[in-house]
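Taking the hints as your guide, dock the two standalone chains into a single complex.
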Amino acid sequence: MSTTYLEAIREGLWEEMERDPNVFCIGEDIGEYGGAFKVTAGLMERFGARRVVDTPISEAAIVGASIGAGLMGLRPVAEMQFADFITCGFDQIVNFAAKCRYRWNAGVPIVIRAPSGGGIHGGPFHSQNPEMWFVRTPGLKVVCPATAYDAKGLIKSAIRDNDPVLFFEHKALYRKIKEDLPSEPYTVPIGQAKVVREGRDLSIITYGAMVWTALEAAEKLAAEGCSAEVVDLRTLVPLDRDTICASVRKTSKALLLHEDTRTGGMAGELAATITETVFEYLDGPIVRVTAPDTPVPYSPPLEEAFLPNAEKVVEKARWLYRY
Amino acid sequence: MSALHATAAEIHNAAPAARTPEAELAHKCLHFMLLMREVEDRIERKLYRQGKVVGGVYVGRGQEAIPVGSALVARPEDVLFPSHRDMAVFFVRGVPARRVLAQYMGRVGGLTRGRDGNMHMGDLSVGVVSIISALAATVPVAAGAALAMRYKGIDGVAFSYFGDGSTSRGDWHEGVNFASVQKLPVVFICNNNQYAYSTPLNLQMACTHVADRGPAYNMPAEIVDGNDVLAVYQATVRAAAHARAGNGPYLLECKTFRMTGHSAHDAAHYVPQGLFEEWGKLDPIVRLEKRMLDQSWAAQPELDEVHAAMAREVDDAVAWAEQSPFPEAATLLDDVYETL
Chain A
0 MSTTYLEAIR
10 EGLWEEMERD
20 PNVFCIGEDI
30 GEYGGAFKVT
40 AGLMERFGAR
50 RVVDTPISEA
60 AIVGASIGAG
70 LMGLRPVAEM
80 QFADFITCGF
90 DQIVNFAAKC
100 RYRWNAGVPI
110 VIRAPSGGGI
120 HGGPFHSQNP
130 EMWFVRTPGL
140 KVVCPATAYD
150 AKGLIKSAIR
160 DNDPVLFFEH
170 KALYRKIKED
180 LPSEPYTVPI
190 GQAKVVREGR
200 DLSIITYGAM
210 VWTALEAAEK
220 LAAEGCSAEV
230 VDLRTLVPLD
240 RDTICASVRK
250 TSKALLLHED
260 TRTGGMAGEL
270 AATITETVFE
280 YLDGPIVRVT
290 APDTPVPYSP
300 PLEEAFLPNA
310 EKVVEKARWL
320 YRY
Chain B
0 MSALHATAAE
10 IHNAAPAART
20 PEAELAHKCL
30 HFMLLMREVE
40 DRIERKLYRQ
50 GKVVGGVYVG
60 RGQEAIPVGS
70 ALVARPEDVL
80 FPSHRDMAVF
90 FVRGVPARRV
100 LAQYMGRVGG
110 LTRGRDGNMH
120 MGDLSVGVVS
130 IISALAATVP
140 VAAGAALAMR
150 YKGIDGVAFS
160 YFGDGSTSRG
170 DWHEGVNFAS
180 VQKLPVVFIC
190 NNNQYAYSTP
200 LNLQMACTHV
210 ADRGPAYNMP
220 AEIVDGNDVL
230 AVYQATVRAA
240 AHARAGNGPY
250 LLECKTFRMT
260 GHSAHDAAHY
270 VPQGLFEEWG
280 KLDPIVRLEK
290 RMLDQSWAAQ
300 PELDEVHAAM
310 AREVDDAVAW
320 AEQSPFPEAA
330 TLLDDVYETL
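These protein sequence lines are chains A and B, in that order. Sequential numbering from 0 applies to the first sequence in numbering that gives the first Met the number 0. Sequential numbering from 0 applies to the second sequence in numbering that gives the first Met the number 0.
It is worth saying that the hints were derived from the structure and are not from the lab. It cannot be assumed that every hint is accurate.
Here are some, though not all, of the chain A residues that point toward chain B, as calculated from beta-carbon distances under 7 Å [as the list claims (entries may be wrong)]: (1) Phe95; (2) Tyr101; (3) Pro237.
Derived coverage of chain A by chain B (criterion: at least 3 residues anywhere in the stretch with Cβ under 8 Å from a Cβ of chain B; other residues may be distant) [said to hold, decoys possible]: (4) 62-71; (5) 84-94; (6) 104-118; (7) 135-145.
Every residue gets a Cβ at the ideal spot worked out from N, C-alpha and C, and that includes glycine.
Next comes chain B alone, as it looks inside the complex (with noise of 0.2 Å):
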């Protein structure tokens, strides 16, 4: 790291005297969706490109203010479940860029060592849990830890991330009523991108909201501009405290849209090229950055320069993960089991 150059997070870090506790927020909002959308645009347009990162690519360019909004109320003994479009909680728990990029490449620096790839990762030591790709396998498990916290007498929440598709499912309803029956805290983030994969929301559900579902749960249910990073923060502290004060679970439905395809190899072609343009006008951290500039809360050669110094910050993490070596094949089976 040249030492010309501050890091991404050292401007993220020095937050001067004058900052006022909002303009600090969204100082820290712009770090991590920044991240999220440099370190994706790596992995999708560069990285799978070059036979890098094989398999499937899903990104969650569009939507970063959601994971960014709601992960950052989190408290350090909270569990947290992200989907496959919430990169940024894993930045916001402070895994670092270059062993989630490591994770993509299948490599030992990830954190599933080359087990498993994309966002099939977890690491419990800073509270977060691993999907599976059977979408909405984790509501219940987020209600299970839940379940712990209140047993320990810890005064955690599970955050349970999910799209508009998984609440069609049959795990997504046993979970969050087993959490509405125990009155477990949880929180339930619904990343609403109207798309599971070519599905749109009129073939995946007959309600207009997926905050419609709350009620048949006696939960609180709460429609979110998804777009809007502190938006999401604010209903997310509002979900946070009802559910740590024992009340129970709360959903939040953030919404959004998918500004790619369902992975990196569907062209979406069955998507109105209107809603493209659309909500492409609301990206979140453009809206961010204008709003902090209108507040006074940063001034535009500091918002160049953040945008300058992730950019270095990702090339040093690619770089590192490149140099992460392949697992052994002598490490096939390792680890099946504790003990046999």
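Just chain A, with the same shape it has in the complex (with noise of 0.2 Å):
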């Protein structure tokens, strides 16, 4: 029976509100509504209004209430019902989830699930992919699933993790990818990238619904004699330095592929990483796939050519093959 990324991600939800009483979500519509995107739905008559709290429009309330809350040991899981609105609880998360235990010692732990990502016509304000903003600040932990595995088993450990995770659902990828999951319950561990293609020639480094981008690009490239490695970092903080060098190591070239844009976008961190602990070992200047610096557009056209697609990608590596 495959599972969709969105059913994943509400079966692992489900899975823990069973397990531990503490954990409740909180949210705008996402009780009897379901939720913008119907990942909670059936979870209010599952677990009651006391455990599906549905809010005002509020998000400096939502993340609010969840950090008090957390702090007095539950673990909500706080639905922002597009990532482009958290900036209306970004104090809450940068300045007081974030600082309290290198503060005070009081650990905060809050998932903040933020349904992300372009690629459904959603225009400038529901299409965003925000997630440089928390990945530069300390005392975050924050979650990129490409997969329904690895949706399903990092929600599961960002609510069990004492921290605040920020986890990033694609929402173009919710009911477009599935796979059989496994009966028995399981979780992926936060910090840990995967080498989901393995490659020869070139590493293409990425995350999110890139990893789909990247996985068409590896298969165009192949055809065309060039071997290349997908990592799907999964977890952009911590980030899992150790495979990303060592596929580096293996490839000697390192292309960086993001859907967000391009200035202090994830692929520079990756860069200074990549050259002061493997320069020696690059054969060629590493490159960027990204998104331009514009907000999102709406028109189908204009968005076709803000995403990173798989042409794009191919051009690119062709061309770092070749150097």
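Next up, the structure:
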């Protein structure tokens, strides 16, 4: 029985709520309505309004209340209706939640689920990838699953983590991908990248929905005789530098890919990590394939031009392969 | 500690059998107000000027009745969210003065081990949550703590403190609205000292009173004489009973006046001088002592000894804090996460 990425997240939430009575969900329209994307559908029927809390349109209250509940020993899972709206709770996340442990030894065990990413014609305010605002804030963990298996395993690990975790679920993947999941309970550890395709000639290092783009590109490159390795970061903080550097040591070439915009994107941090650690193994410049530095446009031809795709990756990879 | 002199705490604890409950409460209030006044005076007028406290210093001189009168109502299971002029909340909850002083001096003995300064501290073991500098940020957090207490079946109340300026912020309105919609057990305590840094009330809000904001949230709101500690206490008893009974949040607007600048480096020239004189006559400690004498809850020699004992106690606390080491630079990277 195949499980979609969306259903996998729901299963993870469900299992954790069954396992631990301190886990509860909080957000806008998540109860009877089941959430804007229906991730939480059925949870209220099973667990009741006490554990599936519908809130006003009030992201600062959603995150703030989650922090308060987390400090009191509960494990809230807050839903941002769209990752774009996380800005309205920004201070609560980066100034309150992120700094509590360091300042006064108070753990804030909260998860903030944020449906992110483009490709659904959502326009400038329903398509963004705001992960870097949080990646560069010490005290927060940032998770970006690409598969149904990882989405379920990582949401469970995020809920069990004693620090605040930003969980970016790519909404274009919600119903697009599915796979058979183990019938036994499992978790996926936070902080471990995964080589999802072995290769010899270059490493495509990416995360989130772009993992699928990278795999599509790798398939095309294989037909041209270029063997591309694909590394799925899965977690951006903490970053699995060992897996990244091991891959670059092996292939000697790195193509960094993300859907987020270019300047200050994850690729810059990855490039710095690679040059600091395995510079002498490199046989070519580190290259980036990212969205350009623009807001996410609405009209289909513009959005298509904005988003990285397999063709853009193949073109850059081909150049790097021949370098 | 000299055996010849009782400590302030001993005097405070040694209630003569004859003391009425009212007298006993008055003595407790006096103890904590004096302790806050004395500790803040040392910090602002001595340690800061000596360079032993660095950065900014913000005191609640003249506003001590608000944290004292309210926090004394709290039960052990309640959770308090003091703001930056509410130091006495820590003392009422049992945090020793020496640890607060070490906090201000950036020492390991402080509640944040030198990670943060001034009133940016908390201790969950006594139910006190730390503020952050973005004021009003604790308001929705307090609502969440109240939600958690109800969730767990704990009969507790969250005490959310803030100033008049905080009520202009979105976080304040979001937190109050959420608490009202969910009928959460929160007592919102406004320390209305009439200035937010240099901004007077008429540039802060178009309503006359912070309490005027209550009806918009279907929340009872009460205006309290914030310089009368027993009035604050009684109002908080009403507010906490309302919240604890499941009737939702309750707003107390405690009217007071900031008897200093915003911080130690602010001479507050923007405040009309007459106001300091006018409010100086309403000093909450002087008022309480007069009442204690009038009601025969205390005699003057007893009050004199309370003052003297307090000075000695804070001397000892300062000495302890100065002995507390600075944090090792090698600890810089610790505790950003529990596990990475």
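Examine the segment 135-145 of chain A: at least three residues should have C-beta closer than 8 Å to a C-beta of chain B. holds (count 3)
With a C-beta cutoff of 8 Å, work out whether three or more residues of the segment 84-94 of chain A approach chain B closely enough for the coverage to hold. It holds, with 3 qualifying residues against the three required.
Residue count check for the segment 104-118 of chain A against chain B: does it reach three with CB-CB under 8 Å? holds (count 3)
Hold the hint about A:Tyr101 up to the distance rule: shortest CB distance to chain B must be less than 7 Å. Holds - the Cβ of A:Tyr101 comes within 7 Å of chain B, reaching about 5 Å at its closest.
Any CB of chain B closer than 7 Å to the CB of A:Pro237? 5 Å, holds
With a Cβ-Cβ cutoff of 8 Å, does the segment 62-71 of chain A contain at least three residues near chain B? holds (count 10)
Would you settle whether the hint for A:Phe95 is holds or violated, based on the nearest Cβ-Cβ distance to chain B being less than 7 Å? 5 Å, holds
Violated hints are absent here; each numbered hint is respected by the structure.
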